[in-house]
Amino acid sequence: KAGVTQTPRYLIKTRGQQVTLSCSPISGHRSVSWYQQTPGQGLQFLFEYFSETQRNKGNFPGRFSGRQFSNSRSEMNVSTLELGDSALYLCASSYQQGRDSPLHFGNGTRLTVT
Amino acid sequence: GNSVTQMEGPVTLSEEAFLTINCTYTATGYPSLFWYVQYPGEGLQLLLKATKADDKGSNKGFEATYRKETTSFHLEKGSVQVSDSAVYFCALSPTGNQFYFGTGTSLTVIP
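Keeping their order, the protein sequence lines are chains A and B. Per the working numbering, residue 9 is the first one in the first sequence, and the count goes up by one each step. Per the working numbering, residue -8 is the first one in the second sequence, and the count goes up by one each step.
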């Protein structure tokens, strides 16, 4: 089975621009989550989708948004980029709802904002 | 609330040494507990999990036991290898729609 695929792997943007990141989950997985990883803050939860519905959202400004399509693929958008948005953005999928279901991560998209 | 506290790194060990990485948690309800490993330039990989008190998760020689009485989930390995060098994350999942991660512990194993 193919793993979680994130595209692109690297992005360089300037302040004020917007960016869209893409995530294809493992086949059959219906839950997709997004996390931001930085050296200072570690892994911070952005949002989680299940069957095209956002079930949970972390404490990020409204500039961060996401969506999930009917094939479970997900996109994350960040508008009006700031220098502090530079981070590794990780997408993860899981097979089912419930606390026992582990997350399976992609290799991430490294976003650099200049 | 929910949170995970991991021992500070970095940790440097010689090959074949014993490894312990401490993890304690605070949680509402009865969470599942996980250990993930991250190699340079990659995402996190599931190492092991435990879903209820006294469960022991194990994989690739690593073990961790879910201790409800001490709210701990310490990671252990009897004999580390150079290939175990990575960053290790402890995590908890109270409900499944959000995971809480520790800050990560960097491990370097020298030959």
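Fair warning: there could be bad hints in the mix.
To be verified - With a cut-off of at most 35 Å between alpha-carbon atoms, the simulated DSBU-like pairs for lysine-lysine come out as follows: (1) A:K21 with A:K65; (2) B:K43 with B:K68; (3) B:K47 with A:K21; (4) B:K43 with A:K9; (5) A:K21 with B:K43; (6) A:K65 with B:K47; (7) B:K59 with A:K21; (8) A:K9 with A:K21; (9) B:K47 with A:K9; (10) A:K65 with A:K9; (11) B:K68 with B:K51; (12) B:K68 with B:K47; (13) B:K59 with B:K47; (14) B:K51 with A:K9; (15) A:K65 with B:K59; (16) B:K59 with B:K43.
Hints in this document: simulated from the structure, not taken from any laboratory. Quick caveat: nothing in here was measured; it's all calculated off a predicted structure.
Between K21 (chain A) and K43 (chain B), does the CA-CA distance stay at or below 35 Å? Given pair K21 (chain A), K43 (chain B) is violated - Cα atoms ~44 Å apart, limit 35 Å.
K68 (chain B) and K51 (chain B) were given as a pair; does the straight-line alpha-carbon distance stay at or below 35 Å? It holds: about 9 Å lies between the C-alpha atoms, which stays within 35 Å.
Taking 35 Å as the top limit, are the C-alpha atoms of K43 (chain B) and K9 (chain A) close enough? holds (28 Å)
Satisfaction of hint between K9 (chain A) and K47 (chain B), Cα-Cα up to 35 Å: Cα-Cα ~27 Å, so holds.
Please work out if K65 (chain A) and K9 (chain A) have their alpha carbons no farther apart than 35 Å. holds (29 Å)
Going straight from one Cα to the other, do K59 (chain B) and K21 (chain A) come out at no more than 35 Å? Distance ~46 Å between K59 (chain B) and K21 (chain A) Cα, so the pair is violated.
Are K43 (chain B) and K68 (chain B) close enough, with their CA atoms no more than 35 Å apart? OK: K43 (chain B) and K68 (chain B) at ~21 Å, within 35 Å.
Is K65 (chain A) close enough to K59 (chain B), meaning Cα to Cα at most 35 Å? Holds - the C-alpha atoms of K59 (chain B) and K65 (chain A) are around 28 Å apart, at most 35 Å.
K59 (chain B) and K47 (chain B) were given as a pair; does the straight-line alpha-carbon distance stay at or below 35 Å? holds (12 Å)
Is the Cα-Cα distance between K59 (chain B) and K43 (chain B) 35 Å or less? With Cα atoms ~8 Å apart, K59 (chain B) and K43 (chain B) stay inside 35 Å; holds.
For the pair we were handed, K9 (chain A) and K21 (chain A), check the Cα-Cα distance against 35 Å. holds (33 Å)
Pair hint outcome, K68 (chain B) versus K47 (chain B) [Cα-Cα no greater than 35 Å]: Between K68 (chain B) and K47 (chain B) the Cα gap is close to 13 Å, so the pair holds against 35 Å.
Hint check: violations occur at hints 3, 5, 7; the rest are consistent with the structure.
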